[in-house]
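**Q** Letter by letter, the chains look like this.
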Amino acid sequence: MDTVLSVENLKTYFYTREGVAKAVNGVDLHLDRGEILGVVGESGCGKSVTAFSILRLVPRPGRIVSGEIVLDDRDLLRLSPAEMRRIRGDRISMIFQEPMISLNPAFTIGDQLVEALRIHRNMNKTEARDHAVDMLRKVEIPSPERRFNEYPHQLSGGMSQRAMIAESLLLNPQVLIADEPTTALDVTIQAQVLDVMYRLTRDIGTAIMLITHNLGLVAESARRVMVMYAGRVIEEGPVKSIFENAKHPYTRGLLHSIPLPGRRRRQTDSRLFEIKGIVPSLFDLPPGCAFYPRCSECQDICRHEAPLRCEIDGQHQVFCWLYEPCRKGS
Amino acid sequence: MMTWQRLVAHKTGMLGLVIILLNVSVAFTAPWVATHDPLGMDILNRDAPPSMDHIFGTDDYGRDIFSRVVYGTRISLYISLLSVLVAMVCGIGIGAFSGYYRGWADTVIMRFMDALMSFPAILLAIGIMAVRGGHINNVVIALGVVYTPRFARIVRGSFLSLKEKEFVEAAVAGGNGDLVIIFRHILPNCMAPIIVQATVSLAYAILAEAALSFLGLGAPPPAPSWGNILSDARNFMLDAPWMTIFPGIAITFSVLGFNLLGDALRDVLDPRLK
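Going line by line, the protein sequences match chains A and B.
Taken in order, the first sequence gives residues 1 to 330; the numbers are from this note's numbering.
Taken in order, the second sequence gives residues 1 to 274; the numbers are from this note's numbering.
It cannot be assumed that every hint is accurate.
FRET-style restraints, in silico, Cβ to Cβ [as the list claims (entries may be wrong)]:
1. B:Pro120 x A:Glu18: 41 to 49 Å
2. A:Thr126 x B:Ser118: 37 to 45 Å
3. B:Pro188 x A:Asp75: 33 to 41 Å
4. B:Pro188 x A:Thr126: 22 to 30 Å
Sample of chain B residues at the chain A side, in silico, Cβ under 7 Å [what the hints assert, rightly or not]:
5. Ala34
6. Phe167
7. Gly175
8. Gly177
9. Asp178
10. His185
11. Pro188
12. Asn189
13. Ala192
14. Pro193
These are calculated hints, taken from the structure and not from any lab test.
Ideal placement from N, C-alpha and C gives every residue a C-beta, glycine not left out.
I would like the entire structure built from these sequences, with the hints used as guidance.
**A** Here it is in structure tokens:
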């Protein structure tokens, strides 16, 4: 598989009056053509900031301090603002959590789709219209010609998210960043919307970076999973390997905190498992492993030194002192 | 259009619209509606009360008040429409810039706007007129400056909240430039308060223009602006009330028309009704 997007040692810090918050603190990731990468972690672990960093849209006072974001052999961090604008929406697009408020209320669905085509592709009106209606049909919006002329408030949540998907995939991007794409939707609608998204991206060959808290979603759809904690990747690997053989205590904790029918009986405590404590303040990260204050298997070394990369097998890797670090790892 | 239907159903709003349309049509057809030359003096018929020939009577120079009021509609509408347009364009530009880019420029600009707003409108306009001299277009500029801060504030306020909306974030992530974001994505969403402010300002502008003319700082004297007619007539108010009543009624109705429409638009465009 060829890599479309690779991020190396990305650091995005927020410079606030209270100090420097290291929201993303040395993240490496890569996306292969057409694959789905699940990015999971608690709120505030840097998932969304990583996504916004890739688009170079980190809100102030945040700044990308260092790193490399390579798309098509070009480092996005070296592009001019105008070149970066041409990448956004065209090569890398993004869909958001709240579809109802992600569409401009002042324009019809059609207008918004057509505009993107006219800006990025210089299409004329009828061409753009045909293409847009076609796209609405592909995301399975019923009677697309009629919906084309409707305003966002006339659409339901599921319909709006389909329209958003249509808009984001209109220009055949190489990468789609989906930030909690179904959190705001009804459970019954979620599956349909995701199904549409996956089918379309498979046809186009778009890689998806699926950001979510929902491990079930990842288990079902992603090929690889990346677990983030306090601005770092702590474990990464193929879905099967992570779910069946999680190595990092944090990942195991996450997996245990999913309610499963039948699991309760096996445990002495009948309450759902929780990871004790809270995410450390990003202003004041512990010197060693960021997870050690909450870790049940914490050793002495964890307090002082950041864990090195350990390869479990092939693609599965973990950053934890419980395992033997590989020689070339950093 | 749902907004349009709601406006049609709004009775007082429609009354306001009718008054405004009447005003506008009188302004356009003034040469045919007027019975006399608004500047032509009829010395033999000075200070004549309303009659079949001069339906609103004549003034101290024997000029037909009806014709002067009719032509005054032109001046009044010209000044109010143009000055509000100037204020709207400047205010939108300033407010959009301040609200979108923020930073120290925003602080400086908005404090300056606050300073402008702290002057009583008429006083500021008098000052500007005194500097620039009496000419219709100077009245437009003076009133434009006076009303700019109101628009700037409203636009800036809307931009501050709209800028944080997800659809704007989505538009940025879609690769749009700042100008496209400002004019295509944000501005259309804050048109409702701008439209309401514009109609209300039109009413104020008509009053302000009349006041300036009355003080001798508006359209230069022979011009039949409503304020001028009143100004000429003020010495004869008790002996020849028709000289003041009719231009007064004209001012009252124009202002009423714009105010009624403005109130109706505020009701109709209220986002909570959508």
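**Q** Each hint: holds or not?
**A** Results of checking the hints against the structure:
1. Judged by the Cβ atoms, the range 41 to 49 Å given for Pro120 (chain B) and Glu18 (chain A) holds: they are separated by roughly 44 Å.
2. Between Thr126 (chain A) and Ser118 (chain B), the C-beta spacing of about 54 Å breaks the proposed range 37 to 45 Å.
3. In this structure, Pro188 (chain B) and Asp75 (chain A) meet the distance hint of 33 to 41 Å, their C-beta atoms being roughly 36 Å apart.
4. For the hinted restraint 22 to 30 Å between Pro188 (chain B) and Thr126 (chain A), the CB-CB distance of approximately 24 Å keeps it satisfied.
5. Evaluation of the Ala34 (chain B) hint against chain A yields a violated restraint, the C-beta minimum of about 44 Å exceeding 7 Å.
6. For Phe167 (chain B), the interface hint holds, the least distance from its beta-carbon to any beta-carbon of chain A being 5 Å, beneath 7 Å.
7. Of the supplied interface hints, the one on Gly175 (chain B) holds, with its beta-carbon coming within about 4 Å of a beta-carbon of chain A, less than 7 Å.
8. Contact between Gly177 (chain B) and chain A, as hinted, is supported at the beta carbon level, the nearest pair being about 6 Å apart and thus within 7 Å.
9. Hint status for Asp178 (chain B) relative to chain A: violated, with the closest Cβ pair at about 9 Å, above 7 Å.
10. Taken as an interface hint, His185 (chain B) checks out: its beta carbon lies about 6 Å from the nearest beta carbon of chain A, inside 7 Å.
11. Interface hint status for Pro188 (chain B): upheld, as the beta-carbon distance to the closest one in chain A is roughly 4 Å, under 7 Å.
12. Interface restraint check for Asn189 (chain B): the shortest CB-CB distance to chain A comes to about 5 Å, inside 7 Å, so the restraint holds.
13. Because the smallest distance between the Cβ of Ala192 (chain B) and any Cβ of chain A comes to about 10 Å, over 7 Å, the interface hint for this residue is violated.
14. Interface hint status for Pro193 (chain B): violated, as the beta-carbon distance to the closest one in chain A is roughly 14 Å, over 7 Å.
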